[in-house]
Amino acid sequence: MSIEARKPPPQIALKIRRVLGGKTGWNGIAVQFAFAAVLGWIAYEIVSNARANLENQHIAAGFGFLANNAGFDVNQTLISYTGSDTFLRVFLVGLLNTLVVSVVGIVFATVIGFIVALCRLSPNWLLARIGEIYVEIIRNLPVLFQILFWYLAVLAALPNPRQSISLLGIAFVSNRGLVIPRPIGESGFEAFLVVLALGIVASVVLRIHARRALFQRGQMIRIWPYVLGLLFGLPLVTILVAGLPFSFELPQLKGFNFAGGSRIIPEFVALTLALSTYTAAFIAEIVRAGILSVHSGQMEAGSSLGLSRGTTLRLVVVPQAMRVIVPPLTNQYLNLTKNSSLAVAIGYPDLVSVFAGTSLSQTGQAIEIIAMTMGVYLLISLITSAVMSVYGWRISRSLGA
Amino acid sequence: MKRVILALTLALAAGLTAQAAEAQTLKTVKDRGMLSCGVSQGLPGFSSPDDKGNWTGLDVDVCRAIAGAIFNDPTKVKYVPLSAKDRFTALQSGEVDVLSRNTTWTISRDTSLGANFTGVTYYDGQGFMVKKSLKVNSALELNSASVCVQTGTTTEQNLADYFKANNMKYEVIAFGTNDETVKAYEAGRCDVFTTDQSGLYANRLKLANPGDHMVLPEIISKEPLGPMVRHGDDQWFDIVKWTLFAMITAEELGVTAKNVDEKAKQENPELKRVLGTDGNFGEQLGLSKDWVVRIVKAVGNYGEVFDRNVGAGSPLGINRGLNNLWNKGGLQYAPPIR
Numbered sequence: 001m002s003i004e005a006r007k008p009p010p011q012i013a014l015k016i017r018r019v020l021g022g023k024t025g026w027n028g029i030a031v032q033f034a035f036a037a038v039l040g041w042i043a044y045e046i047v048s049n050a051r052a053n054l055e056n057q058h059i060a061a062g063f064g065f066l067a068n069n070a071g072f073d074v075n076q077t078l079i080s081y082t083g084s085d086t087f088l089r090v091f092l093v094g095l096l097n098t099l100v101v102s103v104v105g106i107v108f109a110t111v112i113g114f115i116v117a118l119c120r121l122s123p124n125w126l127l128a129r130i131g132e133i134y135v136e137i138i139r140n141l142p143v144l145f146q147i148l149f150w151y152l153a154v155l156a157a158l159p160n161p162r163q164s165i166s167l168l169g170i171a172f173v174s175n176r177g178l179v180i181p182r183p184i185g186e187s188g189f190e191a192f193l194v195v196l197a198l199g200i201v202a203s204v205v206l207r208i209h210a211r212r213a214l215f216q217r218g219q220m221i222r223i224w225p226y227v228l229g230l231l232f233g234l235p236l237v238t239i240l241v242a243g244l245p246f247s248f249e250l251p252q253l254k255g256f257n258f259a260g261g262s263r264i265i266p267e268f269v270a271l272t273l274a275l276s277t278y279t280a281a282f283i284a285e286i287v288r289a290g291i292l293s294v295h296s297g298q299m300e301a302g303s304s305l306g307l308s309r310g311t312t313l314r315l316v317v318v319p320q321a322m323r324v325i326v327p328p329l330t331n332q333y334l335n336l337t338k339n340s341s342l343a344v345a346i347g348y349p350d351l352v353s354v355f356a357g358t359s360l361s362q363t364g365q366a367i368e369i370i371a372m373t374m375g376v377y378l379l380i381s382l383i384t385s386a387v388m389s390v391y392g393w394r395i396s397r398s399l400g401a
Numbered sequence: 001m002k003r004v005i006l007a008l009t010l011a012l013a014a015g016l017t018a019q020a021a022e023a024q025t026l027k028t029v030k031d032r033g034m035l036s037c038g039v040s041q042g043l044p045g046f047s048s049p050d051d052k053g054n055w056t057g058l059d060v061d062v063c064r065a066i067a068g069a070i071f072n073d074p075t076k077v078k079y080v081p082l083s084a085k086d087r088f089t090a091l092q093s094g095e096v097d098v099l100s101r102n103t104t105w106t107i108s109r110d111t112s113l114g115a116n117f118t119g120v121t122y123y124d125g126q127g128f129m130v131k132k133s134l135k136v137n138s139a140l141e142l143n144s145a146s147v148c149v150q151t152g153t154t155t156e157q158n159l160a161d162y163f164k165a166n167n168m169k170y171e172v173i174a175f176g177t178n179d180e181t182v183k184a185y186e187a188g189r190c191d192v193f194t195t196d197q198s199g200l201y202a203n204r205l206k207l208a209n210p211g212d213h214m215v216l217p218e219i220i221s222k223e224p225l226g227p228m229v230r231h232g233d234d235q236w237f238d239i240v241k242w243t244l245f246a247m248i249t250a251e252e253l254g255v256t257a258k259n260v261d262e263k264a265k266q267e268n269p270e271l272k273r274v275l276g277t278d279g280n281f282g283e284q285l286g287l288s289k290d291w292v293v294r295i296v297k298a299v300g301n302y303g304e305v306f307d308r309n310v311g312a313g314s315p316l317g318i319n320r321g322l323n324n325l326w327n328k329g330g331l332q333y334a335p336p337i338r
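Protein chains in written order, with the numbering used here: chain S, 1 to 401; chain L, 1 to 338.
Any given hint could turn out to be false.
[To be verified] Below, in silico cross-link-like pairs of lysine-lysine (BS3-like), each with a Cα-Cα straight-line distance of 27 Å or less:
#, chain 1, residue 1, chain 2, residue 2
1, L, Lys-183, S, Lys-338
2, L, Lys-30, L, Lys-78
3, L, Lys-328, L, Lys-272
4, L, Lys-135, S, Lys-254
5, S, Lys-254, L, Lys-132
6, L, Lys-297, L, Lys-265
7, L, Lys-169, L, Lys-132
8, L, Lys-164, S, Lys-254
9, L, Lys-169, S, Lys-254
10, S, Lys-254, L, Lys-328
11, L, Lys-206, L, Lys-78
12, L, Lys-131, S, Lys-254
13, L, Lys-27, L, Lys-52
[Said to hold, decoys possible] Listed next, with one range per pair, are the computed distances between beta-carbon atoms:
#, chain 1, residue 1, chain 2, residue 2, range
14, S, Val-38, L, Gly-53, 46 to 54 Å
15, L, Asn-268, S, Asn-69, 50 to 58 Å
16, S, Arg-129, L, Met-168, 52 to 60 Å
I should point out that these hints are in silico values taken from the structure, not numbers from a laboratory.
Backbone N, C-alpha and C fix where the C-beta goes; we use that ideal spot for every residue, glycine too.
So that you can see chain S by itself, here it is in the shape it has in the complex (with noise of 0.2 Å):
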């Protein structure tokens, strides 16, 4: 009797069923189908009650809102805005606002919380009991305080804008903000930016082209003075040749306040910095606890081939540290990120305030505004950590773990 080789099951339905119904095979699929079916039933029974409901008690319903007149001004807005544009408008102003105050707060608190770390653990007595202190006290403080904290210490310590401190007669700091001249293109900007993203690209490939050269064949090319002069040099060089390309609107004091120039509000200031110290303060834990999840015997290895403190940790430790790191700090991310809707206390116009709060009172449809701003902070989140997966997945991969 000769062994005939069985014929393999087609290959997609054996996969679509281990997928989907695991180890009960078409069974568990028909129940998995059937769960879903009544799940999606009674989702859909509730949103057409809810919208039957609110029709008979007379709740306005639905997103046509979306396209009314807001009537409300925003004191900082990435995209032109004004009083009679939508309310959509609104909503990707408040997007914008804490987007931008969660990325910056976030590079902030990285920055911060490695250098703590860093200090923690360092062998220098001093160093390491400033950092035991700062986390200790910050992290244990709750944020809102802090936020208020810092608000109202930073409005307290600047005068008002008629006895603003002047920075050089051009830049100029008081309790209305930071209020800078604004750059405006002139003749050869366009040249001028193209010759700053060559410089860029140039400086990208450069850095690609030494990490080969390192990885291959352990040839260490120094790349930082050609970066330099390619990042700032080139710029310079154009503009001695082709003259400045853009002027300056300079800020002047006008009746209450500047006009000209672009302003950077206080409310922003004081959030960012009490989001990114607070952060850091656990960042700087999580890293501490990567580091020491290095065994010591990578550091003595380091040193006993002759690298230094710094640049043992740079290529040895750290790199090592990351793959523990990365999870964690995608959950402070996020939490940054979800903290940042604390503005309203100080009156940063971030997506709660000027959307699930001014909106949300103007128009009276709380279901379907707090239902979009749970979805974007959702989305953001889900983003982040998507981001951040990819990063642990590559880290892990170069370690060959």
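With the hints as your guide, set chain L onto chain S.
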């Protein structure tokens, strides 16, 4: 967060109830033994807790009057402090039976929120407060000023309209609660604090040096403030509406908390009708015959309430002005009880 919880309650209430049940607010209130009343988070003269935690103010007295009419006991009220943003959702979701929280009557609020205004307890208008040291005498001199405002109010839109109409620029900083707004104004973040004029006088009392601040003469909007109830319960709507009318009628007839018993004995046909010794208007409302007597005993007539909370007898010292009776040059007018 409170707002999210309220919105979820509303979504669940709307989504899960089989049908919008025939609202029976009066029965609910009686069964509960308490009136649930939405008030502000602290606005002196209108609704604010005193040093012993007792709520006082004009808006609070409306709640007390309703409780007095129902239970003959003005203390049977549960006060729910609400921010400007949360107030309508709290009413829609049934957390409060009546919203008595210096709320401006507008068409959009009356038609799209599933709620009704029952009358006007205070005729107000939006004004501006500035530091005297700014040497500003008119709102028209406020070009390029920074303005602090509480978010979720009609104030924000009036402000935008006024500055646009007068071709002036401004910067708006909107805060979540009244106290945060006042604090930022005091800290110098903005030149101007704007809200309803009565609110300006009330908030000025909270500042460290009230004398350093002045209210500008301009009134830039109409802000009729009044209580709100949910759509769809006409009996409850009538009770809240006529509680205010009873207070105004009592003032017209000279009935006060002190002389109400004595007046009830007089042989004046109008007094007999109003005070329930003749006719059964109270019972038609679902209350008792002596409902007006109960209300006046609980809080006094409209004039007494006004004087005690915001008028001459209070630290605010606001003139009756528009809030005087119709026959004394004001706008307060009640349909006849007959």
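Going down the list of hints, with the structure as the test:
For the given pair, L:Lys-183 sits about 25 Å from S:Lys-338 by alpha-carbon distance, which is consistent with the 27 Å threshold. The straight-line distance between the Cα atoms of L:Lys-30 and L:Lys-78 is roughly 13 Å, inside the 27 Å bound, and the hint therefore holds. Simply put, L:Lys-328 and L:Lys-272 have alpha-carbon atoms about 24 Å apart, close enough for the 27 Å limit, and the pair holds. Distance check on the hinted pair: L:Lys-135 and S:Lys-254 sit about 16 Å apart at the alpha-carbon level, within 27 Å; holds.
Pair hint S:Lys-254 plus L:Lys-132 holds up; C-alpha atoms about 19 Å apart against a cutoff of 27 Å. Straight-line distance between C-alpha atoms of L:Lys-297 and L:Lys-265 comes to about 15 Å, which keeps the hinted pair within the 27 Å bound. For the hint pairing L:Lys-169 with L:Lys-132, the CA-to-CA distance comes to about 21 Å; that is within 27 Å, so the pair holds. In summary, the hint linking L:Lys-164 to S:Lys-254 is supported, as the alpha carbons are separated by about 18 Å, within the 27 Å threshold.
Distance restraint check for L:Lys-169 and S:Lys-254: the Cα-Cα separation of roughly 11 Å lies within the 27 Å cut-off, and the hinted pair is therefore satisfied. In summary, the hint linking S:Lys-254 to L:Lys-328 is not supported, as the alpha carbons are separated by about 47 Å, beyond the 27 Å threshold. For the proposed pair L:Lys-206 and L:Lys-78, the alpha carbon gap of about 25 Å is at most 27 Å, so the pair holds. Proximity of L:Lys-131 to S:Lys-254 is assessed by CA-CA distance (about 18 Å); at most 27 Å being required, the pair is judged to hold.
Taken as a hint, the L:Lys-27 and L:Lys-52 pair is broken in the structure, with Cα atoms around 31 Å apart against an allowance of 27 Å. For the pair S:Val-38 and L:Gly-53, the beta carbons lie near 50 Å from each other, so the given range of 46 to 54 Å is met. For L:Asn-268 and S:Asn-69, the hinted distance range of 50 to 58 Å is satisfied, since their beta carbons lie about 54 Å from each other. At about 54 Å, the CB distance of S:Arg-129 to L:Met-168 agrees with the hint of 52 to 60 Å.
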